[in-house]
Amino acid sequence: MNKLASDWFSELSPLWPHQCFSIKVKSVLHEEQSKYQNIVVLDSEVYGHVLTLDGVIQCTERDEFSYQEMISFLPLTSHADPKKVGWLVMIDH
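The sequence shown begins at 1 in the UniProt record's numbering and counts up by one.
Cβ pair distances, simulated, as ranges:
(1) 6 x 49: 12 to 22 Å
(2) 18 x 39: 24 to 34 Å
(3) 48 x 19: 18 to 28 Å
(4) 37 x 7: 19 to 29 Å
(5) 38 x 66: 22 to 32 Å
Don't read these hints as lab results, they were simulated from the structure. Every residue gets a Cβ at the ideal spot worked out from N, C-alpha and C, and that includes glycine.
Using the sequences and the accompanying hints, generate a full structural model.
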């Protein structure tokens with residue numbers, strides 16, 4: 001069960017019983033039910049903008065750099081002499 005109660009968003013999961021992660025929310029920037037999932041974008045006090053899909057936090061402005069580091073680490077360290085890097089991002093609307 002994940003919910004936005006008052007000005008707090010709480011993420012609860014049966015995978016981690018007896019635990020809850022909550023963030024203080026300034027405002028809900030976007031909320032939409034797509035064909036595949038419930039999409040909510042929040043503006044939080046500490047984490048900046050927060051993307052949630054089906055009530056599960058996917059990424060935040062504060063820790064976004066760690067996602068970029070993880071997806072680039074393996075390719076960059078696998079090549080003997082990387083000189084140029086190109087990124088391809090695909091978004092389906």
